[in-house]
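Trainee: Listed in order, the protein sequences are those of chains C and U. Here the working numbering is used: the first residue of the first sequence is 20, the next is one more, and so on. Here the working numbering is used: the first residue of the second sequence is 18, the next is one more, and so on.
Hints are computed from structural coordinates only; laboratory data are not their basis. Where a beta carbon is used, it is the ideal one built from N, C-alpha and C, also for glycine. Wrong hints could be hidden among the right ones.
Taking lysine-lysine pairs in the BS3-like style, the calculated list, with each CA pair at most 30 Å apart, reads [to be verified]:
id: 1; chain 1: U; residue 1: K208; chain 2: C; residue 2: K67
id: 2; chain 1: C; residue 1: K96; chain 2: U; residue 2: K208
id: 3; chain 1: C; residue 1: K32; chain 2: C; residue 2: K98
id: 4; chain 1: U; residue 1: K133; chain 2: C; residue 2: K148
If the Cβ cut is set under 7 Å, some of the chain C residues that face chain U in the computed set are [as the list claims (entries may be wrong)]:
id: 5; residue: L42
id: 6; residue: Y55
id: 7; residue: L58
id: 8; residue: I63
id: 9; residue: A121
id: 10; residue: A127
id: 11; residue: F129
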Amino acid sequence: MQLAINHWVHIDKHSVIKDNSPLLSFNEAAAPEEVYRSLQYNYIKFFKMDVLCKWAWLSAEALLIQDGAAIYDGLDKTKIAVVMMTSHGCIEVDKKYQESTATIASPALFVYTLPNIMLGEICIRHGFKGEQACLVNGSFDAEQMHFWVSDLLQNRGMDACLCGWVDATVDGYSVTLYWVSREQKGIQFNATAMQQINNRTS
Amino acid sequence: MKQAAYIVNTGVITAIGNDTQACLQSLMEGATGVGAAEYLKTHWASELPVAEIKASNEELAAMAGVDATWPRTALLSAIAVKETWQPYAATAKGLRTGFFSANTVGGMDLTESVYKDFKANGEAVDFNKIRNHECGAVTQLVAKHFGFKDFVTTISTACSSSANSIMMAAQMISNGMLDVAVAGGADSLSKFTLNGFNTLMILDKQPCQPFDNERRGLNLGEGAGYLLLMSEKAMQQCSANAIGIVSGYANANDAYHQTASSPDGTGNKLAMGNALKKAGLQPKDINYINLHGTGTANNDSSEGKAIEAIFDGNIPMASSTKAYTGHTLGAAAGVEAVFCVQSIQHGIVYPNLRWQNQMEDVSFKPVTELQTGQDIKHVLSNSFGFGGNCSSLVFSKA
C-alpha cells in the first residue's frame, strides 16, 4: 500500500512554510505568541501552554486548517493517529515547575511536565482519538518515524496520521509536521522525503 | 470462538486488611484505613492523611515470602497475587497462564530513598535501589517469583491501570489465547505521588468524603488487588468454581484536560455505555455501581452527571469504597474488582463512608448503610484517570 505526505509544515528561524509556500515570514526567530497573532488564531487556552505545546499546537493548526476548513473533515477521528518526536521534550516547563516548588508548587505548570501533553493539546483541539505515540530521541529519526507511521496505517486500522518533530527550548525551536494518508496526493511517504523537508532552510 | 472469562479467586491487600476476608470484614464494619502516615517518610505526615498499610517493607516481604529489597509496590503485588494464585498453582500446571499487572509508581519508594544522596554525591549511592525503578520491573520481579512465563505485561494508564489489566486478560481468555490469567495491579505510597497530587491541590487534609457536597479532595492509599481468571477448560482441570464473570468492559478517552474530567463526563458516559453494550445489558440490569468516587469536586460531579445520563432516573445502588482504602491509583480498579466480586458473592453493598450532605449538582445519594441479603447479579465498576483515561468494567454472577 502506497502512502503519501499530503501536506507538511516546517517552521524555522525565518518562516512558516506549508507545502513549499510561505505562510508567514519573519526576520529573526519568532516567539510562538507572535506567530499565533500573525496567523490570527483564536484559541485562548494557547496562552497557558508550555513552549513545546505552543509550537506543536501552532504547527498542527497551520497544517490542518485550510481556508476555514480542516483537512480531516469527513474522516473518522477515531482512525486518525498522532506520532510525535522530540529531543528536549518539556525541559523548559520542568525547570520552571522545579523553581515554583521553592514556594507554592504550581498546578498550572505541573500539568505540562510531560512531553506527550503536546499530543493531548492537539487531540483536544481537533478531536483525534486514534493511536498515539510520543518518542524522545536525540534528533529527528526519519527511519523510525517512517516505521511507526507505516505500521499504524498499514496494520493498525488507522486512516491518517499527523506526525513529525517538535523541539523547543528558550534557545530556539525546530518544527516539522506531516499529514500522511493513503490518498495519493502530495509526495511519496518515505524517510528520505521526511528528512529533506525537516532539513530545509529558508 | 468467544468464551467467557470466569473469575475463580481474588487476592487483595489494602489499608483495611491484608487479604480478601479482612478487607471484607472492614468494609462491612465501616472501618476506615485513612490516617496519619507512619511508614511513608514525608514532610506532610501530620497534614495529609493517607490510607497506609501498617507494615514495614521487611514485614511485607515476610508475608509474601520474597526478598525485602524489592520495591514496596512489588511486595504488595506479591502478597495479593499469592492469595489469589496459590490455591491453584499446582493444579494449573500446563495451562497457558498470563500475568497482567498494573502500577504507576514502580520502584519509586526505593529511588526516593537514595535521591537526596544521589543529588548531593552521585557516586555514593547504592544503585541497586534504583534497579527496579521502572514500572515493568515490578511486574517482572513478581512474575519470576511465581513462575508466570506464557504472557506477562505491565499496564500504566494512571488511575484506570488495573481496569485495563483485567480488560486485556479477559479478552485474551475470551479469544482462546490464554487459559488462566492473574489480572489486577499494585501501587505503594510514595513522596512522588503525594507531592504531585498535593501540587494539583486535590488532596483532602481530612478523611475524604466521596459524593458529599462538602467534599474537599481525595486521600491517597496503597494496595494491590488481583482476580484469577480462567476459561471453562482451565476451571475443569483445576476443579475450580466460578464466583463471577468479567462480562463487560470498555475504554474511552475524555479528551478534555490532562488531569481533570469534562464537566458532563463525556468519557465516563462513553466508558459506562460501551461496557454495558459489551455485556449485552441494559442500565436497569445493573444492581450496584462501585463508583470511582475519589472525593474530588471535579470527579464526583462529572461521574455523577454521567451516571444520571446513562441510568436516566433509574439509578442503582452506588457507593465509593475510597473512603476506606484511599485512592490506590494503579491498584484501584484491581482492589475494587475484588470488592465487586465479593458484593456479588455475598449479596452485599458497602456503605459510602462519611457521607453527610447531598450534592447540589447530582440528584442521587450513595448507599450509606451496609446492605445485605441483596441479589446482586451485575456490578459496574468505574475507574477514571488522568490523561482522560476512562474505563468501566461489568462483573456478573456466574
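Trainee: Run every hint past the structure and note whether it holds.
Mentor: Outcome of the hint check:
1. Among the hinted pairs, K208/U with K67/C is consistent with the structure: their alpha-carbon atoms are about 27 Å apart, no more than 30 Å.
2. For the given pair, K96/C sits about 39 Å from K208/U by alpha-carbon distance, which is inconsistent with the 30 Å threshold.
3. Under the criterion of a C-alpha separation no larger than 30 Å, the hint pairing K32/C with K98/C is inconsistent with the structure, at around 34 Å.
4. Between the alpha carbons of K133/U and K148/C the distance comes to roughly 40 Å, so the proposed pair goes past 30 Å and is violated.
5. Interface hint status for L42/C: violated, as the beta-carbon distance to the closest one in chain U is roughly 27 Å, over 7 Å.
6. For Y55/C, the shortest C-beta to C-beta distance to chain U is roughly 21 Å, which exceeds 7 Å, and the interface hint is violated.
7. With its C-beta approaching chain U no nearer than about 24 Å, L58/C sits outside the 7 Å limit, and its interface hint is violated.
8. At a threshold of 7 Å, the smallest CB-CB gap from I63/C to chain U is about 14 Å, leaving the interface hint violated.
9. Interface restraint check for A121/C: the shortest CB-CB distance to chain U comes to about 13 Å, outside 7 Å, so the restraint is violated.
10. The beta carbon of A127/C comes no nearer than 10 Å to any beta carbon in chain U, farther than 7 Å, and the hint placing it at the interface is violated.
11. Interface restraint check: F129/C against chain U, minimum CB-CB distance 5 Å, threshold 7 Å, status holds.
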